[in-house]
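A.B. asks: With chain A fixed as given, assemble chain B onto it according to the hints.
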Amino acid sequence: MHRLTLSELSRQLQNGDITSRQLTEHFLSRINQYDGNINSYTTATEQQALAQADHADRLLQQNQGGPLTGIPFAHKDIFCTEGIKTACGSKMLDNFVPPYDATVTHYLQQAGAVLLGKTNMDEFAMGSSNENSYYGPVSNPWDNQRVPGGSSGGSAAAVAAGLAPVATGTDTGGSIRQPAALCGVSGIKPTYGRVSRFGMIAFASSLDQGGVIGKTAECLARMLQPMAQPDGKDSTCFTQPPEDYLQTIERPMDNLTIGVPSEFFESDMEQGVTDCVNQAIEDLQSMGATVKSVSLPHTEAALSAYYIIAPAECSSNLARYDGVRYGHRCNEPQDLQDLYKRSRSEGLGDEVKRRIMTGTYALSAGYYDAYYLKAQKIRQLVKQDYVQAFNDVDCIVAPTTPATAFEQGEKTQDPVAMYLSDMFTIPVNLAGLPALSLPCGFNNGLPVGMQLIGTYFDEGRLLNIAHQYQQQTQWHQYFPEEYN
Amino acid sequence: MSTINADQVQKIGDLAKLEFDSDEQQKLAQQLSTILELVEKMDQYNTDDIDPMAHPLDIAQPLRHDEITEESVRDKAMELAPEASAGLYLVPKVIND
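Protein sequence lines, in the order shown, are assigned to chains A and B.
Taking this note's numbering, the leading residue of the first sequence gets 1, the next gets one more, and so forth.
Taking this note's numbering, the leading residue of the second sequence gets 485, the next gets one more, and so forth.
Honestly, the hints are just simulated from the structure, not real lab data.
Keep in mind that a hint or two might mislead.
[To be verified] With a straight-line cut-off of 35 Å between C-alpha atoms, the simulated DSBU-like cross-links for lysine-lysine are:
#1 A:K292 <-> B:K495
#2 B:K495 <-> A:K91
#3 A:K383 <-> A:K411
#4 A:K383 <-> B:K577
#5 B:K511 <-> B:K525
#6 B:K525 <-> A:K353
[What the hints assert, rightly or not] Which stretches of chain B does chain A cover? Using the computed rule of at least three CB atoms under 8 Å from a CB of chain A, they are:
#7 495-509
#8 512-519
#9 522-533
#10 550-561
From the three backbone atoms N, C-alpha and C, an ideal C-beta is built for every residue, glycine too.
The following block holds chain A by itself, in its conformation from the complex (with noise of 0.2 Å):
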């Protein structure tokens, strides 16, 4: 049952093959099984899980389920919960237990989805190998020395090793497709607005965004259409109602263009990444796309721009966890200051305390100008990259990452070489365009992805491109076998 996509699983429930039951009844016991050497949930939601998919069955015997009804997910600790400890991977919000749902919760549940647990994280979505977690590392099921990707590390190892249908993650530089390309799993990025971030514990404002992590882009499709409901309580939401993605992505892919970016190929990546990668936009070739080279010349200073805007925005975000009114307060503070900066210094983890003091740094007097002013107008030069390329063709393809899965440690002495491998994927937050990433072959063993991008809510062309590759490739069957 683990390996089955989202729409066997919906048809087999539907035709009362299985019971919403049985199957929540056995992805909890294959977490209890197997988790203990992935370190994937920080929360299992046992009881709250058996109790709504008996709901869920309810539903189903009279004929009343639609297409998520029964289906079990995990569901990324960043997403407030009612009544359900959320921690963000971190020990400031350990002791957190929301008193609402965030909109993506509320969305999902609706849909009758049944909620398995909540997965580990890099602490307030800022990682790359979910190796910044209160709660300890995430492995990566295809070789347990290596690192899952981040900041979505549980969710997209949690997919990968079979303990979760499908599940929820957020991508604010990259953090559903790194991690999706390291584990050999479909993740999506929806265009900025497309999903609502109500209760959705915020990292950087203008580049966060709800995302989904699954097997294949048909599970994608299924899950991202509730969740990507408009919602009055998030002013950034977009207001019309997508699409239906199922429909969409049955559409024959007709003249389709896709440009493949210049830049990216120039970097320094492992051969075996630029051979599949290379190997996959043929196969799009052969499936009737035409091929052109673009330019997206601002790619480069897209980093530094982010590494700037990113932390400023966090650094404003993370004031609130000031000891308070809620999450880690130190003992006995002496005085005002003594609570703020014990309480804060005590709950964040490294990688948090370097990010709030570089954005605060970039925004304090005298140096705005010259750093975050500065980034705002790379910001504009990359999104007008992207605008031009699209006058020309459809979709973009190229890496999702610049190597595969590197060892836990490898990269955790020295920041700015963890930065780097989201080199692919930045740019696409600082634009707020939709991008998907899917499994597209193996290097060593392990897996390799590329990344599709679009214009502006253009989520559905994305979804039916993956959608028909997977037709006729098989790199999204691949299982890991010791978690078979």
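C.D. replies: Just chain B now, with coordinates in the frame of chain A:
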């Protein structure tokens, strides 16, 4: 190229309400300087006539009528407080006599 020293780390820490011991200050000074090295690559690009972009979408703040639409969550929120009493959050004394 800018570098950050331990003194500056102290000052930025004061602004960010974070504290570090002297070893941590040294290490952070080095790491922040390396990050600034990455960031200063932006200077290679001419942005004289470019408008800054704060946000990916061209949207204005949506407004609604000034009507009460939600129930009060004050009690639920107060339950999360480290120290609270009579609807107030308790902190060390702020005002000196």
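A.B. asks: All the hints need checking, so say for each whether the structure fits it.
C.D. replies: Going down the list of hints, with the structure as the test:
{"no.": "1", "hint": "A:K292 <-> B:K495", "result": "violated (51 Å)"}
{"no.": "2", "hint": "B:K495 <-> A:K91", "result": "holds (25 Å)"}
{"no.": "3", "hint": "A:K383 <-> A:K411", "result": "holds (30 Å)"}
{"no.": "4", "hint": "A:K383 <-> B:K577", "result": "violated (49 Å)"}
{"no.": "5", "hint": "B:K511 <-> B:K525", "result": "holds (22 Å)"}
{"no.": "6", "hint": "B:K525 <-> A:K353", "result": "holds (23 Å)"}
{"no.": "7", "hint": "495-509", "result": "holds (count 8)"}
{"no.": "8", "hint": "512-519", "result": "holds (count 5)"}
{"no.": "9", "hint": "522-533", "result": "holds (count 9)"}
{"no.": "10", "hint": "550-561", "result": "holds (count 3)"}
Violated hints, in rising order: 1 and 4; the structure is consistent with all others.
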